[in-house]
Amino acid sequence: MRHFLAVMTVFLCLLPMVAGAQAQFSGDSDTGESIILMKNLLKDLRRTADIDQQYSMLLRTRETLDEIAARLPRRERGVWERRLQAAIPHLHEPTAVHTPNGVTFNFMEIRGKSFYWSDPVTAGSFVEYLNSNRVPQAAVETSVDLTDNSIDYDNETRKYTARRPATALKAVSYTAAAGFAKWLTRRQKQLCSLPGAGFVRLVGSEATTCWSSSKWKEDDPLRRENMRMFGVAFRTLVYRGEPVGELSEARYPDAEIRLITSIKSAKYFYLKQLQELQ
Amino acid sequence: MRRSLPIFILVSSLGMVPAIWVASRTDIYRGDPLDKERVATESNPFIAAEFIGLREGNLAFLFRRMDLQVIRERSIYQKVMVTREDDDMQSPGIRIVVPGETLEGPVELRQELVEVGLLAGASVQFDGMSGRTNRDGVLIDSDQMILAIFDNLKVNRHTFTITNLRHGNCEIELTRLKMYEKLDINYDETRSSHADQLVGEVEWDRSSYRAGDVAVLSLKVTNGSEADGIYRLLGRTVSRWPWLDGKMLYIGDLEPAESRVVSRRLVVPDDLPADLAVLHLRIGFNDLDLGKPQVRATVRLDAE
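Protein chains in written order, with the working numbering: chain W, 1 to 278; chain S, 1 to 304.
In isolation and in its complexed conformation, chain S is listed as follows:
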């Protein structure tokens, strides 16, 4: 009996061993993200345009080459082993980062807007016309085709599409409000304008014109007052002749003694009156206040 007791205890202890091993559990988790693995990138290049105000006296738009990238990627995580007691699964357990081993996350989609660069020196078509951006990616409306659309005072918004054969299309929306903002014509300006001493002078780039010529009218306006400012000043040509009529001149604010020159390009039509050598036009002004002088001008036609 004395000999069998130790044997019994030994055998009983051996029976407990599996029970001790079953009491703890080890799980594998994603630890901290280590990196992202790009699975695929889909490129969607396009042109972005921004109205930047006046350059060389004309409307100017800045063009950028952009890429809206659709990126498929997955995250790479640390591999973490956590061992807990079976009867205490809520405890933090023993956390071990497995060296040299990682876990992958699922593939995720995201979009990224990337500026590729300026659309410099590129040919573009818009509204049935052609143009070219300069080395700074700026397209200047040097023919004043866009500006001319806003000569119609009922037009408050113009949307047009710029096309570049290599880089795609771009839709631009130009509003009168935005244009006025960039041209410093601010209708929130509440100061009273005094344009009674406004002095205007018209100059042409040539002494006379023939049918088909482009005539450049330059209006130099000076605020002759030494005390009062002129604000929100707009000019408009009025003439019997449609090609000389209804051209807007955006002047803006003129502080005392300040001068500004604004220009318009006018295309001399083919159907010029045969018997008239001089055509008349007048420039009227509007600054929401009364009492403005007008500027009279003539344009001389070449005898054919």
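One chain only, chain W, in its complex shape:
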């Protein structure tokens, strides 16, 4: 009996140790496999021509890294993060990407430089911005025509709703356009900005009317001096393809919000898009 008890005590003491060792062995084996998998994915990513496959591979690598990240030494984790970042330039540029907020960016290549140029921001996306930032109704009314854009405000819920969310938002002021760009950048953690006037002239058509990020430089030195003396500055509005100096609160019926973003950000948005599909 005494012998049996001693054997049982030893067994019970050793059992957790054995189980731990087994688990350790199994985890090491999983990590090793995951690392091999990531290596292969990143290798294949550079070879494949299929854009969706490429992005899926990167996503899978990301997910795998996230799974084993806790088990990896800090230094090794950093190495893998850098490898993932290094793989991004090898991804093909998608022709169009959609942000989770419904802004569509299209690939553009001009004079050897590549950008993503957005479709006009829709009323639905703009309403999301208004609700997210809890912009007061009075402030909204000075920067966008709510009636023309079929945007309603519910006094009870204090929320805005767009009756036709897919239609392009029109008659926006610079204040509204810049506010939206800032919000999207903060929300997506990717720089989405108003385009420069020169850029709009290159990519836009004669019908394009949108606000640019460019400050307006008055040609007439006297007028420039007067404006400075009285503290008023213009922003650059591209009005039907031509840049004009305007007050930031001006609302032209055709004025839309157009944004630009970088290749890197567009790839990030495409990855997000695929992630949501999966």
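These are calculated hints, taken from the structure and not from any lab test.
Every residue, glycine too, gets a C-beta built ideally from N, C-alpha and C.
No incorrect hints appear here.
Below, in silico cross-link-like pairs of lysine-lysine (DSBU-like), each with a Cα-Cα straight-line distance of 35 Å or less:
no.	chain 1	residue 1	chain 2	residue 2
1	S	Lys220	W	Lys215
2	S	Lys220	W	Lys170
3	W	Lys217	S	Lys220
4	W	Lys215	W	Lys113
5	W	Lys170	W	Lys264
6	W	Lys217	S	Lys154
7	W	Lys215	S	Lys154
8	W	Lys113	W	Lys170
9	W	Lys272	W	Lys39
10	S	Lys154	S	Lys220
11	W	Lys170	W	Lys189
12	W	Lys170	W	Lys159
Taking CB as the label site, the calculated pair distances span:
no.	chain 1	residue 1	chain 2	residue 2	range
13	S	Pro293	W	Ala96	40 to 50 Å
14	S	Pro293	W	Leu84	43 to 53 Å
15	S	Pro273	W	Gln85	41 to 51 Å
16	S	Ser263	W	Lys113	43 to 53 Å
17	S	Asp270	W	Arg164	35 to 45 Å
Since the structure of chain W is already known, use the hints to place chain S on it.
What follows is chain S alone, placed relative to chain W:
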């Protein structure tokens, strides 16, 4: 011999008589001036103008009919006779004013500026425009044509000629300094201005305008502060549209809680943008100190 002595004395005495008469002399002089006799008067009428500041919110000029008279006249003096001893010509002598007789002085020229009256209710032309003085002889720049010249801040002096067909021409020189003086904008004022609580509101005389209309912009500014004053305040419109841009609004000093309304007339041009119903403008302020709010405004256009 005894008989001839008296005869001799008599004859000798008679010989002395002319000698006694020759010893005194009488001269004629001009005495005190009695009057002036106007020989001729040459009239040179002209119009004189004076900038008198603001009337009905616009620059105002007072016109007077003046006459620069060239007068030819001579003085009329008393006739004075002075008799002196020949051997004492320096003495005052005996002075007698001859009654009923006068002496004339030479013809002299002098100029005299005479105000004939106010140029009331008269048509005048200036800078290619027409205007009419009121019954007080005041011409009000109601079209703000002169005021508009000073919208260009490089213009510090403007000279223009006022013409009245009946009374002639008049040259007026208006300086920015003089204008500021009359409008109570004093740059010698050294008090610090605090315009951070300036409240402005724009009103139009109509709800919408068409090409060719005259739009009257009225800016009501209030110093919202209860403690600090605003001094030397100037406003200026800024807009993409030239007809709304660069109009000066002379406000001056605003004590705490004080309000003032200033107006500008703007002519709506023919080349209005066909696709825009609302145009934007902003009014910026300058009081030589920093931190002023701006006033935003819109103007609505009528669809043709």
